[in-house]
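Residue numbers (numbering that gives the first Met the number 0), protein chains in the order written: chain A, 0 to 288; chain B, 0 to 419; chain C, 0 to 328.
Don't read these hints as lab results, they were simulated from the structure. Being a predicted model, the structure only gives us computed values, none of them experimental. Just so it is clear, CB atoms sit at the ideal spot from N, CA and C, and this is done for glycine as well. Treat the hints loosely; a few may be bogus.
Simulated crosslink set (DMTMM-like; lysine to aspartate or glutamate; CA at most 20 angstroms straight-line) [unchecked claim]:
(1) Lys108/B to Asp90/C
(2) Lys201/B to Glu211/B
(3) Lys133/B to Glu209/C
(4) Lys150/B to Asp220/C
Sample of chain C residues with no beta-carbon within 12 angstroms of chain A, all distances over it, derived [unchecked claim]:
(5) Asp90
(6) Arg119
(7) Tyr291
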Amino acid sequence: MLQLILFNVFNGLIIGAFYVLLALGLSMILNLSNVINFAHGNFLALGGYLAYVLIPYVGFWPSLLIAPLLTAAIGFIIERTMVRRVYGRDPVYSLLLTFGLAFMIEDACRYIWGVNGLPLTTPSSISQPLSSTFFFITAYRLFMVAIVIVVVAGLFAFLRYSRMGMRIRAGVLDLDTVSALGVNVKLLRSLNFAVGIFLAGLAGVLAGGQIGLNPNMGDSLLLPSFIAIIVGGFGSLTGTLAGGLLIGVTSAITAVFYPSAQQAVVYALMILVLLVRPQGLLGEEGLVI
Amino acid sequence: MVEGKPSGRLGRRRILQAGAALGAVGAVQVTSPFIVKALGEVPIKFGYEDPLTGSLSIVAISEIQGAKLAVEEINKKGGIMGRQLVLYVEDSANDVGTGVEKERLLIDKYHCNITFGDVNSGIAYAVAQVATEKGVLHIVPGGHTDPITGKDCTWNVFRICNTTSMDANAISNILIKKYGKRWYFVTPDYAYGHTLQAAFIKDLKAAGGTYEYALLPIAASDFSATLIKAKAFKPNVLLNNMGGLAQIDLMKQFVEFGMEKEMGLGGALYEVEEIVAVPAAAQTGWWDMEWWWNQPGVPHVAEFVAAIKKKYNKIASARHWFGYVAMYSGKLAIEKAKSLKAIDLAHALAGMELPPEVALQPGKVFYRAGDHQLMPNIFAGEVHPPPANNPGNFFTVAEMVSAEKAWPLADTGCHMKYPA
Amino acid sequence: MSLATAAAAAEALPSAQRRLLATAGVWIILIAAPFWMPLVGGYTDLGTRVIVLGLAAMSLNFLLGYTGMMSFGHAAYFGLGVYGAGLILKDVTASTPLALVAGTLLGGIAGVVFGRLIARTRGVAFAMITIAFQQILYYVAYKWNGVTGGFDGLRGFVRQPIHLGPLVLNIRSNDLVFYYFVLAIFALAVGAMGLILRSPFGRTLLAVRENQRRARFLGIDVNRHVWLSFSVSAFFIAIAGALYALLNNFADPSSMYYVLSGQFVIMAVMGGMRTFWGPLLGAAVFVVLQNYFSSITLNWLFFVGLLFVLVVMFFPRGLLGIFQRRRAA
Chain A
0 MLQLILFNVF
10 NGLIIGAFYV
20 LLALGLSMIL
30 NLSNVINFAH
40 GNFLALGGYL
50 AYVLIPYVGF
60 WPSLLIAPLL
70 TAAIGFIIER
80 TMVRRVYGRD
90 PVYSLLLTFG
100 LAFMIEDACR
110 YIWGVNGLPL
120 TTPSSISQPL
130 SSTFFFITAY
140 RLFMVAIVIV
150 VVAGLFAFLR
160 YSRMGMRIRA
170 GVLDLDTVSA
180 LGVNVKLLRS
190 LNFAVGIFLA
200 GLAGVLAGGQ
210 IGLNPNMGDS
220 LLLPSFIAII
230 VGGFGSLTGT
240 LAGGLLIGVT
250 SAITAVFYPS
260 AQQAVVYALM
270 ILVLLVRPQG
280 LLGEEGLVI
Chain B
0 MVEGKPSGRL
10 GRRRILQAGA
20 ALGAVGAVQV
30 TSPFIVKALG
40 EVPIKFGYED
50 PLTGSLSIVA
60 ISEIQGAKLA
70 VEEINKKGGI
80 MGRQLVLYVE
90 DSANDVGTGV
100 EKERLLIDKY
110 HCNITFGDVN
120 SGIAYAVAQV
130 ATEKGVLHIV
140 PGGHTDPITG
150 KDCTWNVFRI
160 CNTTSMDANA
170 ISNILIKKYG
180 KRWYFVTPDY
190 AYGHTLQAAF
200 IKDLKAAGGT
210 YEYALLPIAA
220 SDFSATLIKA
230 KAFKPNVLLN
240 NMGGLAQIDL
250 MKQFVEFGME
260 KEMGLGGALY
270 EVEEIVAVPA
280 AAQTGWWDME
290 WWWNQPGVPH
300 VAEFVAAIKK
310 KYNKIASARH
320 WFGYVAMYSG
330 KLAIEKAKSL
340 KAIDLAHALA
350 GMELPPEVAL
360 QPGKVFYRAG
370 DHQLMPNIFA
380 GEVHPPPANN
390 PGNFFTVAEM
400 VSAEKAWPLA
410 DTGCHMKYPA
Chain C
0 MSLATAAAAA
10 EALPSAQRRL
20 LATAGVWIIL
30 IAAPFWMPLV
40 GGYTDLGTRV
50 IVLGLAAMSL
60 NFLLGYTGMM
70 SFGHAAYFGL
80 GVYGAGLILK
90 DVTASTPLAL
100 VAGTLLGGIA
110 GVVFGRLIAR
120 TRGVAFAMIT
130 IAFQQILYYV
140 AYKWNGVTGG
150 FDGLRGFVRQ
160 PIHLGPLVLN
170 IRSNDLVFYY
180 FVLAIFALAV
190 GAMGLILRSP
200 FGRTLLAVRE
210 NQRRARFLGI
220 DVNRHVWLSF
230 SVSAFFIAIA
240 GALYALLNNF
250 ADPSSMYYVL
260 SGQFVIMAVM
270 GGMRTFWGPL
280 LGAAVFVVLQ
290 NYFSSITLNW
300 LFFVGLLFVL
310 VVMFFPRGLL
320 GIFQRRRAA
């Protein structure tokens with residue numbers, strides 16, 4: 000039994016790593032632009048499919064970088080042409096816009112690549128189980144976690160030390176002042192959006208290698224990522240990180256004792272957090288509004 | 000993995016073809032009533048709702064392909080009693096609410112004479128209820144859950160594919176013999192999974208076996224937690240009861256974890272559409288086919304297989320056959336009843352035997368009057384990677400189980416009542 | 000052209016009369032619907048659908064358009080209405096009125112409880128938390144096979160004829176009678192909604208929508224008003240849900256899914272969320288378009304998405320909002 004729980008905690012951390020990648024991107028866009036990106040899960044799928052197209056030409060490793068970059072570029076264009084027009088308007092418009100985009104991207108993927116789902120070929124060097132005791136830790140899963148750690152560390156370093164990162168952080172706190180100081184806020188938001196989409200695209204390539212590609216592969220990850228943000232606290236990326244891992248593990252442990260509640264438990268966790276600490280685990284009091 | 004990719008690409012082309020074909024149906028819907036009225040004649044309308052998108056789409060598309068082939072043949076030979084047959088196809092999106100809505104659309108908007116569907120047992124169950132409420136004849140080509148022709152059977156509902164109990168009963172003893180009596184079920188949490196698992200458990204308990212199970216959402220895609228539990232249970236065999244894309248994903252992850260070295264695979268359905276989409280290591284285990292293309296010496300089978308190959312470039316599957324039988328069943332019923340009234344059609348279809356060019360298998364294949372269930376053979380056997388020279392030959396039939404034997408009328412719980 | 004002249008004529012009238020004229024027009028169109036719809040390719044059940052979903056969109060708009068709070072989770076209360084009505088008919092008693100009452104109460108009370116929990120929250124956080132609440136209910140409906148029927152949905156119930164003394168309304172098998180029954184309930188609901196909006200409470204909600212800070216300075220308890228508005232809106236949408244169960248003789252988890260909430264929002268916005276009748280018009284357009292597109296293309300989802308995007312980009316005030324702006328100008 001102990002072994003089973005241990006296994007599931009590991010497994011939950013792996014799944015949590017996905018939530019983290021997705022939720023961090025969502026959270027960045029939410030914090031700076033006040034937009035809930037409903038299409039985030041579909042950008043994830045798009046990233047996976049782009050990698051599928053690229054792999055025969057450039058191989059897996061370059062695709063791991065190029066596909067998310069291309070996805071980010073598409074995200075950048077969509078932000079410049081559509082999303083930016085809803086900034087500052089009633090949040091209902093940004094929700095509807097990204098909701099509509101989600102449908103369009105999903106159906107476009109279905110139209111182009113088929114309803115059937117496609118396999119994403121990963122190098123054989125990383126697709127074997129490591130040992131028969133830890134059979135569920137395939138080299139691929141370890142590799143995924145390693146990538147997520149590197150990317151998340153990179154993201155936090157970028158936000159902390161780079162000029163643009165500092166501007167983004169400042170913008171989250173007070174966009175008007177940042178603008179008054181001469182920063183091109185429009186461009187900052189576009190780039191921030193693109194970084195968020197890059198993370199989604201990367202998650203898509205990684206997820207595709209594990210469970211294959213299908214047009215709605217992001218759906219089941221999107222809402223838990225919302226929960227990760229709410230649980231972690233609006234406005235706090237560290238909170239989002241913690242929230243993602245927490246719900247991954249909670250869900251996996253529930254899978255041992257009461258599998259039926261595996262999905263619902265993360266929502267129950269959210270209610271609990273909201274009741275006890277409405278601003279989320281690491282959120283700041285004033286930021287809820 | 001080598002087979003995976005090309006088949007995926009072919010798949011895409013096929014989908015596009017299917018899409019184009021469906022588009023054509025759309026065009027027919029808009030224009031045909033006017034043209035035909037000008038000729039002083041109204042076409043016969045069949046309506047078919049199936050999950051053309053969502054996790055069961057790969058098998059649903061085959062059903063529609065089989066149906067379209069039949070409609071083409073029927074119209075080429077002069078239609079039904081001299082009237083053209085028009086087929087309306089609607090996508091239920093693998094969602095029960097949408098399916099119910101589409102069934103109402105087929106009946107209320109298009110006034111279909113007979114309706115068909117759905118691959119998804121839950122949807123089939125619900126739309127059959129709508130058809131009953133509206134007094135329309137409904138044929139379920141591919142939804143397996145027992146009660147549709149069992150305890151909830153109704154006068155206007157018929158079914159072509161097997162019931163879950165039939166499929167389970169045909170393979171249970173083979174699984175016990177080949178692997179042992181310690182089973183782990185991975186089962187979708189809806190009508191199909193519930194009745195299928197219950198049927199298996201009944202057989203297993205009778206043999207004194209033990210089991211554990213996991214009930215998962217129908218479109219589950221990550222099975223790692225479930226597989227960890229399964230492995231801890233150390234079963235002789237894992238029964239993959241999932242369907243469509245979910246079954247494929249589970250197979251892939253099973254192999255990824257190297258679990259095929261420790262336990263067998265088996266269960267009721269492992270369909271042609273799914274087997275071609277998994278890695279060779281997962282092409283294994285003992286399963287049922289509800290119809291199998293390779294039947295040397297049985298009349299008309301080769302022609303059907305060739306027609307599917309020519310029109311869709313696919314291996315003919317049980318799903319193609321279901322769709323094909325569905326259209327012909329409607330035609331035969333109308334011709335026998337010489338009427339379009341649902342009650343007349345129901346009486347005509349009850350007890351009807353399919354002619355050899357539709358049955359496409361040996362023996363007598365008929366709609367049992369007592370429960371409106373088609374009684375074909377069940378092909379139990381072993382799945383294996385195909386030989387290089389015959390890529391479609393990935394299944395070897397070990398036993399032909401008669402449906403009567405697998406599911407006697409007394410077991411169904413159906414008490415058929417016709418309106419006065 | 001006649002429409003344009005009518006509009007021009009209407010604009011010449013004082014606003015009270017104009018409103019009366021518009022309201023009368025809406026009711027004439029609705030009452031006559033079963034007779035003119037077949038001429039344009041519709042059928043009675045489609046009309047009933049529009050009314051039911053229109054009521055849902057109008058109920059959501061009570062919160063969205065008149066209080067300025069963005070709920071993306073109203074399918075939860077709609078779905079509870081669906082299940083409440085269905086469960087009564089299936090497991091308790093074959094009474095249509097009781098089913099309606101039960102569905103309304105179930106959804107409404109859940110709205111009161113959840114509303115209390117989030118009344119302090121604002122903006123996108125409010126939207127996200129409403130989604131999350133809805134997902135909990137969705138999973139309960141999906142998993143609780145014994146009561147809800149799980150994924151397969153709740154079958155085996157049929158709306159029952161209504162006995163009014165010696166008069167029997169056969170809503171069970173007569174589509175037309177059912178349409179007018181639904182229309183009557185709709186009339187009662189939107190009548191009540193209109194009265195609430197004209198009451199001092201309704202005016203206060205507008206003040207909350209326009210400027211929460213100012214409302215607070217005026218001594219209005221904003222959180223309390225958000226909570227009340229959320230609750231009222233949940234009660235109304237639960238009525239729509241209960242009617243939906245009667246319409247389909249069926250209930251399933253997709254009636255609680257976030258996608259349906261999104262559709263309610265688009266109906267409200269497309270029709271005009273600052274207008275009373277806009278959401279009904281939005282529902283009509285949405286239902287008819289979906290009915291049309293989903294029959295001719297497998298990729299209808301793309302067109303639904305496109306519709307969302309186009310509305311946001313080019314018609315943010317909605318169809319009726321365009322008229323309103325012209326009038327204001």
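Status of the hints after comparison with the structure:
For the proposed pair Lys108/B and Asp90/C, the alpha carbon gap of about 32 angstroms is over 20 angstroms, so the pair is violated. Straight-line distance between C-alpha atoms of Lys201/B and Glu211/B comes to about 13 angstroms, which keeps the hinted pair within the 20 angstroms bound. A C-alpha spacing of about 50 angstroms is found between Lys133/B and Glu209/C, which places the hinted pair above 20 angstroms, so the restraint is violated. Our distance criterion of 20 angstroms between C-alpha atoms is broken by Lys150/B and Asp220/C, whose separation comes to about 57 angstroms.
Look at Asp90/C: its CB is around 21 angstroms from the nearest CB on chain A, clear of 12 angstroms, so calling it non-interface holds up. The claim that Arg119/C is not at the interface with chain A is violated, since a C-beta of that chain comes within 12 angstroms of its own (minimum 7 angstroms). With a least beta-carbon separation of about 16 angstroms from chain A, Tyr291/C lies farther than 12 angstroms from that chain, consistent with its non-interface assignment.
Violated hints for the displayed structure, listed by number in ascending order: 1, 3, 4 and 6.
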